[in-house]
Every structure is written in structure tokens, then in C-alpha cells.
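Assemble chain Z onto chain L, guided by the hints.
There are 2 protein chains.
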Amino acid sequence: MIDYQEILSRYRPTQEEEKRLKIISDDIIGKINGVCRSRGLRAEAIIVGSYAKGTNLRDGDLDIFIAFDRDYPEEIINTEGLHIGHAVLPNGREKYAEHPYVSGEVGGVKIDVVPCYKMRFGDKKISAVDRTLLHTEYVNDHLDEKGRDEVRLLKIFTKSIGVYGAEAKTFGFSGYLCELLVIRLGSFENVIRYFSRAKGRVLIDRDERFSDPMVLIDPVDPDRNVASPVSLESLSRMKIASKMFLSAPDERFFQIERTKKNVQYHDRGTCIIIYSLPKPDLTDDVIYPQVYRFRSVLQKIMEAHEIRVISSEIDVSDRIYVLIETPACAEERIRVHIGPPVDTDNAIDFVNSWKARDRSRGPYIVADRLYVDVFTGQRSIEDIVRQEIFNYSIGKNLDRFKKSLEMIRFNVGMEALPILDKFFGADVFRT
Amino acid sequence: MIDYQEILSRYRPTQEEEKRLKIISDDIIGKINGVCRSRGLRAEAIIVGSYAKGTNLRDGDLDIFIAFDRDYPEEIINTEGLHIGHAVLPNGREKYAEHPYVSGEVGGVKIDVVPCYKMRFGDKKISAVDRTLLHTEYVNDHLDEKGRDEVRLLKIFTKSIGVYGAEAKTFGFSGYLCELLVIRLGSFENVIRYFSRAKGRVLIDRDERFSDPMVLIDPVDPDRNVASPVSLESLSRMKIASKMFLSAPDERFFQIERTKKNVQYHDRGTCIIIYSLPKPDLTDDVIYPQVYRFRSVLQKIMEAHEIRVISSEIDVSDRIYVLIETPACAEERIRVHIGPPVDTDNAIDFVNSWKARDRSRGPYIVADRLYVDVFTGQRSIEDIVRQEIFNYSIGKNLDRFKKSLEMIRFNVGMEALPILDKFFGADVFRT
Numbered sequence: 327m328i329d330y331q332e333i334l335s336r337y338r339p340t341q342e343e344e345k346r347l348k349i350i351s352d353d354i355i356g357k358i359n360g361v362c363r364s365r366g367l368r369a370e371a372i373i374v375g376s377y378a379k380g381t382n383l384r385d386g387d388l389d390i391f392i393a394f395d396r397d398y399p400e401e402i403i404n405t406e407g408l409h410i411g412h413a414v415l416p417n418g419r420e421k422y423a424e425h426p427y428v429s430g431e432v433g434g435v436k437i438d439v440v441p442c443y444k445m446r447f448g449d450k451k452i453s454a455v456d457r458t459l460l461h462t463e464y465v466n467d468h469l470d471e472k473g474r475d476e477v478r479l480l481k482i483f484t485k486s487i488g489v490y491g492a493e494a495k496t497f498g499f500s501g502y503l504c505e506l507l508v509i510r511l512g513s514f515e516n517v518i519r520y521f522s523r524a525k526g527r528v529l530i531d532r533d534e535r536f537s538d539p540m541v542l543i544d545p546v547d548p549d550r551n552v553a554s555p556v557s558l559e560s561l562s563r564m565k566i567a568s569k570m571f572l573s574a575p576d577e578r579f580f581q582i583e584r585t586k587k588n589v590q591y592h593d594r595g596t597c598i599i600i601y602s603l604p605k606p607d608l609t610d611d612v613i614y615p616q617v618y619r620f621r622s623v624l625q626k627i628m629e630a631h632e633i634r635v636i637s638s639e640i641d642v643s644d645r646i647y648v649l650i651e652t653p654a655c656a657e658e659r660i661r662v663h664i665g666p667p668v669d670t671d672n673a674i675d676f677v678n679s680w681k682a683r684d685r686s687r688g689p690y691i692v693a694d695r696l697y698v699d700v701f702t703g704q705r706s707i708e709d710i711v712r713q714e715i716f717n718y719s720i721g722k723n724l725d726r727f728k729k730s731l732e733m734i735r736f737n738v739g740m741e742a743l744p745i746l747d748k749f750f751g752a753d754v755f756r757t
Numbered sequence: 327m328i329d330y331q332e333i334l335s336r337y338r339p340t341q342e343e344e345k346r347l348k349i350i351s352d353d354i355i356g357k358i359n360g361v362c363r364s365r366g367l368r369a370e371a372i373i374v375g376s377y378a379k380g381t382n383l384r385d386g387d388l389d390i391f392i393a394f395d396r397d398y399p400e401e402i403i404n405t406e407g408l409h410i411g412h413a414v415l416p417n418g419r420e421k422y423a424e425h426p427y428v429s430g431e432v433g434g435v436k437i438d439v440v441p442c443y444k445m446r447f448g449d450k451k452i453s454a455v456d457r458t459l460l461h462t463e464y465v466n467d468h469l470d471e472k473g474r475d476e477v478r479l480l481k482i483f484t485k486s487i488g489v490y491g492a493e494a495k496t497f498g499f500s501g502y503l504c505e506l507l508v509i510r511l512g513s514f515e516n517v518i519r520y521f522s523r524a525k526g527r528v529l530i531d532r533d534e535r536f537s538d539p540m541v542l543i544d545p546v547d548p549d550r551n552v553a554s555p556v557s558l559e560s561l562s563r564m565k566i567a568s569k570m571f572l573s574a575p576d577e578r579f580f581q582i583e584r585t586k587k588n589v590q591y592h593d594r595g596t597c598i599i600i601y602s603l604p605k606p607d608l609t610d611d612v613i614y615p616q617v618y619r620f621r622s623v624l625q626k627i628m629e630a631h632e633i634r635v636i637s638s639e640i641d642v643s644d645r646i647y648v649l650i651e652t653p654a655c656a657e658e659r660i661r662v663h664i665g666p667p668v669d670t671d672n673a674i675d676f677v678n679s680w681k682a683r684d685r686s687r688g689p690y691i692v693a694d695r696l697y698v699d700v701f702t703g704q705r706s707i708e709d710i711v712r713q714e715i716f717n718y719s720i721g722k723n724l725d726r727f728k729k730s731l732e733m734i735r736f737n738v739g740m741e742a743l744p745i746l747d748k749f750f751g752a753d754v755f756r757t
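The listed protein sequences correspond, in order, to chains L and Z. With our numbering as the guide, the letters of the first sequence map in order to residues 327 to 757. With our numbering as the guide, the letters of the second sequence map in order to residues 327 to 757.
Bear in mind the hints are in silico, worked out from the structure with no lab data behind them.
In this list, chains with the same sequence are indistinguishable; a pair is considered to hold if it fits within one copy or across any two.
Below, computed lysine to aspartate or glutamate pairings styled on EDC-like, alpha-carbon distance capped at 20 Å:
| no. | residue 1 | residue 2 |
| --- | --- | --- |
| 1 | Lys525 | Asp669 |
| 2 | Lys495 | Asp694 |
| 3 | Lys722 | Asp641 |
| 4 | Lys722 | Asp610 |
| 5 | Lys525 | Asp694 |
| 6 | Lys748 | Asp684 |
| 7 | Lys681 | Asp747 |
| 8 | Lys436 | Asp607 |
| 9 | Lys681 | Glu577 |
| 10 | Lys525 | Asp671 |
| 11 | Lys586 | Asp644 |
| 12 | Lys587 | Asp684 |
| 13 | Lys728 | Glu714 |
Remember, it's a predicted structure, so these values are computed and weren't measured experimentally.
The following block holds chain L by itself, in its conformation from the complex (with noise of 0.2 Å):
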């Protein structure tokens, strides 16, 4: 048996530390209002996040929002509230998400100083951060305090299995999508159970509006599908998992700290290089579907040259690195060019073009297709990216990087990269 309220006594807050977040928070609040009124503007600071819910983990963040009047021009919010940011947090630094917002810490504690408009529920337009508020409301409306220990248990196991976080780094579950699961569901085990059972689409609403993996209507905005960021793959994950936990309940379902693995570099007897670029100063959720693009870009220049790719990896730590795994480290010395159909009005002038140059084989017929085999001139697949990374884009923030692209030709002996552990110890769950 699982002893959840020793798995509990882990992850919560300790009261000390809810003691130290009240005081923080009271204090920033306090500033922060003291700022509006001594600048005479119509705002106020107000706490929102997983903190203001309940639900928080242990060393969590905290998430202040300067609610303004809803007649303030955006500039002047986005001004005015990078002021009040830094103002109140003298060590903060800009960050940018739908404003800009200012970030800093504390006492210890992570804090986001975040301008947003005053927002009530039926209000027509809604943004992101209008909609946090509505969420605070409505999850504190809905969830009791042993309501909160169970979305607490399920952020654990989520986060242990590698799908907890809505952003583009992982596309799982957002603490928001925990606790409408929980409220809707009953408690953690009721939503373990339910996903141990889903096959196929987990519809925990039905609306044809939305084809994603999951769908889960949020229920202060009826457009919106909370569960959309969850991939197929984070879905997956949580499906075997909640399987594998019913099946044989184990403390490290509850264990998000990860135990480093002991990974074995072997040689697969294929070609793993590794592509790696600078790191902009940029938030993971600008960075990520920039890295995705890179990785789908290196897979394209692979098939431009029918070059198989086997596998490939992500990682984002000092650098962005990128792996692709090949059958080989050069592309072939031919490759069968496909022409076309005979019956083509340019079918003769393909066949007598290619008969007065230099190719391997043909034109010969196939089917009703023309086809020839054209020598490639064999270059490495290295020499390959080097030339074709320049014809394709990688992301605003990444192309400028082009130039500093480095490969790195993975051998047995060479030392540990986390791609590589990442790589060689891919799993059920994330590494």
C-alpha cells in the first residue's frame, strides 16, 4: 500500500515555509498597492497561482497579478507594470509572455509580477492571464482542503512520470488541468483509474470543435480546451503509467527528484551526430518549438537525400543539441531518381537528356515511370547539413545561429552529453 499522507508530509509545503509565502506575498501585495495608489493608478495587486489555490508544492513560486482598469491603454500597462515590477522586486529581470511582465526572487522564493486587465466572469474578451484570475476563483470554489492534497498527489505522479507542465517542453498537464481532473473525477485515484481504462482520445468532455488527444472544457471559458496542450506522446505516458501504478503500486510514482540514471553508451552500429547551437536568453516556450523546428528541418535534409533517420532526440541545457540517428555517416553514392510517367508529354526529352549525361544506370521503365540512377558525389552527412541547413528556416530566434552549428559524431568513448543519457536511457517516462 501507498502511504500518501507520508508522500504528502514530502511534497507539501512545510508550515514554516506556508508562513514564510504569506509574509512574502502580503508584503509584495502591499507594495505593490502602495506604488498604484502613490502613482495614482487604478490597479491592484492580487495573488494568484497554485499558491492562492492551495495547491501548491514545496518550493513553489509565487504568481502576483497588478489587475488594471479596464480603460488603460496596453502601453501604459505594460509600462507601468514593468515599474511596479522592478520597484518591488529589486533583483528582478524582464521576461515576456502575452505583457511583459518582471521576475525575481525573494527570500528564496521565485516571484512573477505580472500586469494583466481586471477581469469578471462573463467579460467578452478573454486573454491568457484575464483568465488565470477566473481559474484562482473557481478552482478555491470547487476544491476542499482534502480536494487539494489529491490534486497535490496527482502533480507529484504527473511530474514523475515527465508530463506535468503545460509549456512547449513537455506538453503534459498544467497544475490547472490537474485540479479540474481531481474536481471533476473525485480524488487522484479516480483519475488513475480513468486513465489506466481510456483507449483512444481521452474525451472527458465531448465537442466536436476540438481533435485533440484530450479534451477537457475549461469551465470558465467554453472556447477553450484546457487539455489541448497534451500530446499524444504525454498522454500515452500517462495512460501506461496509471496501468503500471494500479498494476503494481510503487513509491516511485511519487518520487520526482530523478535518480541518475546509469546509462551504457554502446555502439549501435549506426551513424548518431549530434547538432548543437548557442542558447538564446529566451524563456523555454519560445525556445522549444524552435528546436522542434530544427530537429524536423535536419529530418527533412535527411530525406531530401533519402538518408533513413532511425531516431532522433532533443536537449536543451548549456546549448541546444539535436541528435539524429542515421543507418550510415554518409549519404549513398546513388540515388534512383524518379522521373516521370511514360505517358508524359516530356517523357522523351527526359529520357534523351539523361542519356547524354553522366548517371549510374537507365533511363529505364519501372511500372509506367521512368526512373535513372544519378551518381550523388557521396558527401558526409555533415557536409550534407553544413550546405542545405542554409535553405530552410530554423526560427527567428535561431537562424542567426547558423553559422556557429556544431556536429559532434557520437563515438563509445566519448564523454557524457545529458542528450546522450537522455538518448541511450530513453524510457516509458521521461529521462
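Then chain Z, alone, in the frame of chain L:
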């Protein structure tokens, strides 16, 4: 301009040859009828084939049928047919089509003496041999002297581009199909124009019962598509050759004898292996289907080991040869093994059982499925084929030769082989 008369004068039988054929066939017919009389058989000799239709090319064969009254049982036809055949062709050898028959040579002319039932137009059961009698009659009724020469031109053309002959070796245009094309379209050049413009399937008759690439209904048997043996490749060759001939008329389209091409063997950076079996003493129509099957079995073995087949070739000369080209001469060291979807009941078993076994990577999730990368115990392609060939049938006459399978790895310096000439010399037209 092409001098068709000059071409015909090269390939049409000489007057001297015609005279010799007449003497030989009259002699054989007389002898057959003599034997029939002396044995009291109600049967008579009939000359059929292209000689009987006046569409024969130089150095052709003679086909003589012994037509028996329809009330003879099959056994009598078979035994008496062979007896008569041996009587008139002392050096004859027995062969087998619908009935056994004797094939021999007289005065340098190859002669087949084939027993069959007498046949009249409208009779119910029509065998392939019976039908031949009707074809001879039909063609003689519909072709004049000029038409016969037009057929000869079409035969020379299709022979020179490698699509003459309905048998399994070629899957091309039979002599009878050439005759019908000229009867239907009027002349050699009309036929060429027709094919040069044809798009997609060539439906000279529209008949939904047939899905072959080309359809032309037999005027003596409305249930039969005379063009059914024509493969998509042969049809494609005919189309492109017709286009090329019309755009640049050239004598080489009437050059039956192949000038040996100067084929350059060269390194394609691939693995070319030639699989060779002894050739049983059987007709091409029995051997070729099994050779195609042999090739497709080799392709299936490659597919089962995820080894990509780049190209292939077959050749039947002193032995049976199949060439298979692959990127490398050994399988890969690892294989991505596809597991069940995460939703299935045995998903957990897959995970647990693979976690206990030797593997390169995983089990891991892609989309909604489980995968694991397994070690293959890398073997050479020869080793794989040597083991796996016994799990497949390659036809009743070839199966017993599996133990004699020879595998030759191509290298640039090796001695010439017809299959390599075919492979490296692959052309729009058959080499």
C-alpha cells in the same frame, strides 16, 4: 525516312526459305496423315502459326497440329500424339503444354508437332490449342498481302524494343496480338501513332471484366483478352518507343539483333549480391514464374530484416540468376521493434518483459505506441538468406535447388555475367 521495304527485305523469309518451308511442311503433313491412316485414327494434320498466316519472319519455326475427332479420350490423344510426333521427327524431344507434344528439327527448321481436338467456330469448350486453329482462319480472312507485311513490321519493331512475345519471359505482345492490332488499326504506322498518344490503360476494346493494362478482345472468343499477358512495363516500353520513333524515326527500331553494349561495371557504393540456382530442364513458361517468385522471396527476406532493396534484376541463361542491390552487405546492428499501442491490455507485459531483457534502448513511447530497440546479432545478408530461404517456397521446380544456392558478391573487377550486363545496361528498352 525509313525504307520499310528494305527492312522487310532483311527480315521477311527469302523465296528460297519459303520454298523450303513449303516442302518441309507438306512432307511432315503427308507423313502425319499417313501414320493416322495406317493406325486407323480419325485425325488430320493442320499447319498453323505465323507461317500458316503468312506473317512469319525469317528463320521462323513451323507449328503443325494433329487435330483429332472430338470423341477421342484425352489419353489416346496424348499417347498417339507423342507416337506420331516421334515418327515424323526422329530427333524430337517431348515437351509439355496443354498436351504433351514433340519438338524437333528438319533441315534446319524447328518444328513442333502438337495434338489437339478438331474445332469449329461456335464450339463450346475452347482450349488454347483449339483456339489457335480459329486464329489462323480469322487472320487469313482479314489480312491481305500488304497487311501481312505491316504485321511483320510491327513484329520487328516490338522484337527490337524487347516487348515481343506473350510468354512469362517477356509478358509482351504475342504474334496474334500484332496481327489483330494491324487488322484493327489498319497499318503499322497507325499502331505506332496509337501507342504514342495513349494515356493510361490501353483499351482497344472497353470491357469491364478485364482490369489488365491493355485490353483487346479475341474476335474468336469474346471471353478472352488477347492483350492480358502484356505487363505494365511492356506497355510502357511500347508507348515510349512509339513516341521516340515518331519524333526521330531511326533504323535501330528495326534491329532485332542486339549489338552488345559496352557496359561499364562500376562502384555504386552499394551491396550487389547475385543469387544463382541451377536451371532445371523445363520450358521458359514454367521457369520464369518461379524466377519471379525467387526474386520476390529474396525481397521479402530483406523487408523482414528492414533492409531496403534499391534495385533488382533477373536473368535466365546457363543458370538462374537474381540480383538484389541493398545499401550494405549486412543487416543493421539494431532494429526498432514495434510494440503494442499503450491502450492495449498487453502493453504492460511488453514493458515489463523488455525491461528484463537485453536491448539497446527503451521500451519508449512514440505517439500512442510502445517501441524497443533490439540488437539483431548483426549478420551478413548472405547468412540471413542462407537461413531464411528455407522458410519460403520458391516454386515446385526450384525448391529442391535451395541447397545449391550460390551467392556472388559483386565487385568492380569481377568477370562479366549476363545479369550484370542487364543490370548496368538497364535501358528504356530491354537489353
